[in-house]
Amino acid sequence: MAPKRAAEGAASSNASKKPRKGFRVGPENLPEGPWRRKVEKKKAELIHKAKIKKQYTKIKERELAAQSSSKKQQQQQQQLADSSDDEDEPMNEPQTSEAPQVDSTSPELEQSEEKPTRSDLIANDGELPNPNTIAVKRKHGKGEHEDDHDADGKDDAGVDRYEPRKPRRPRKPGYYEKQLEHAEKRKAEAEARRAEIQRRREERERKVADRERFRRAMAKARKGSENGQRKLGRESSLLLEKVKRMVGNSK
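In UniProt numbering, the protein residues as written are 1 to 251.
Read the hints as simulated data drawn from the structure, not as lab findings.
Just so you know, these numbers come straight off a predicted model, no measurement behind them.
Treat the hints with care, since some could be wrong.
[Claimed, not checked] The calculated label-pair distances, taken between Cβ atoms and stated as ranges, are:
1) Ile47 - Lys72: 55 to 61 Å
2) Arg201 - Lys42: 45 to 51 Å
3) Arg215 - Lys178: 52 to 58 Å
Ideal Cβ placement from N, Cα and C applies to all residues, glycine included.
I would like the entire structure built from these sequences, with the hints used as guidance.
Structure (structure tokens):
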């Protein structure tokens with residue numbers, strides 16, 4: 001029996017599926033350097049924050065479920081105790097026991113109440129408030145409300161107020177300081193090399209010009225006058241200058 005031919009739609013659907021890619025933070029074609037390291041660090045921080053947030057939501061849901069189950073058990077026990085008390089009382093007495101108050105708040109409402117408000121997000125620069133922040137008990141002295149005391153005549157210096165501790169922002173390190181120092185150093189080295197090359201070129205040109213001038217003067221002195229005699233005085237002065245230059249260079 002011939003094998004069953006696969007449907008055409010299945011092959012096309014498998015071919016159309018593309019592998020999922022992770023999220024991007026900044027361009028992908030950044031060269032190695034402080035900018036690429038900064039982008040990679042930011043991406044790692046975002047992944048870490050997302051993992052912490054996911055774990056926190058799981059723990060929160062688990063705690064809310066445990067609290068709701070414990071509340072239900074307490075309510076059931078209270079109802080059983082009330083029913084047993086009612087059975088023990090005589091039938092002719094009116095029922096005076098009050099029904100236990102049922103907590104109408106559901107886990108969904110508790111979750112909605114515990115959600116951060118817009119003011120919290122603005123205070124934390126758009127980030128969720130850290131659940132591990134500690135509320136610090138602070139006392140406001142008289143100096144902060146002197147005008148209120150003068151107007152109302154009431155002394156509320158000893159009032160305790162709970163304020164959340166503001167998280168300290170870490171100082172951002174200089175990502176580009178090392179690179180800028182390295183660039184300045186390379187620039188200074190390039191300037192020094194350029195100046196040295198220019199100095200050597202000028203010195204070489206000067207020496208070539210001196211040699212050409214000495215050659216022409218020596219050729220003119222050796223040529224002699226019209227009667228063919230050599231100009232020894234001029235030639236001797238040129239030779240003396242050459243000797244002085246050689247002695248000075250040797251020193």
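Here's how the hints hold up against the structure:
1. For the hinted restraint 55 to 61 Å between isoleucine 47 and lysine 72, the CB-CB distance of approximately 38 Å leaves it violated.
2. Separated by about 49 Å at the C-beta atoms, arginine 201 and lysine 42 satisfy the suggested range of 45 to 51 Å.
3. Between arginine 215 and lysine 178, the C-beta spacing of about 55 Å keeps the proposed range 52 to 58 Å intact.
Of the hints listed earlier, the one the structure fails to meet is number 1.
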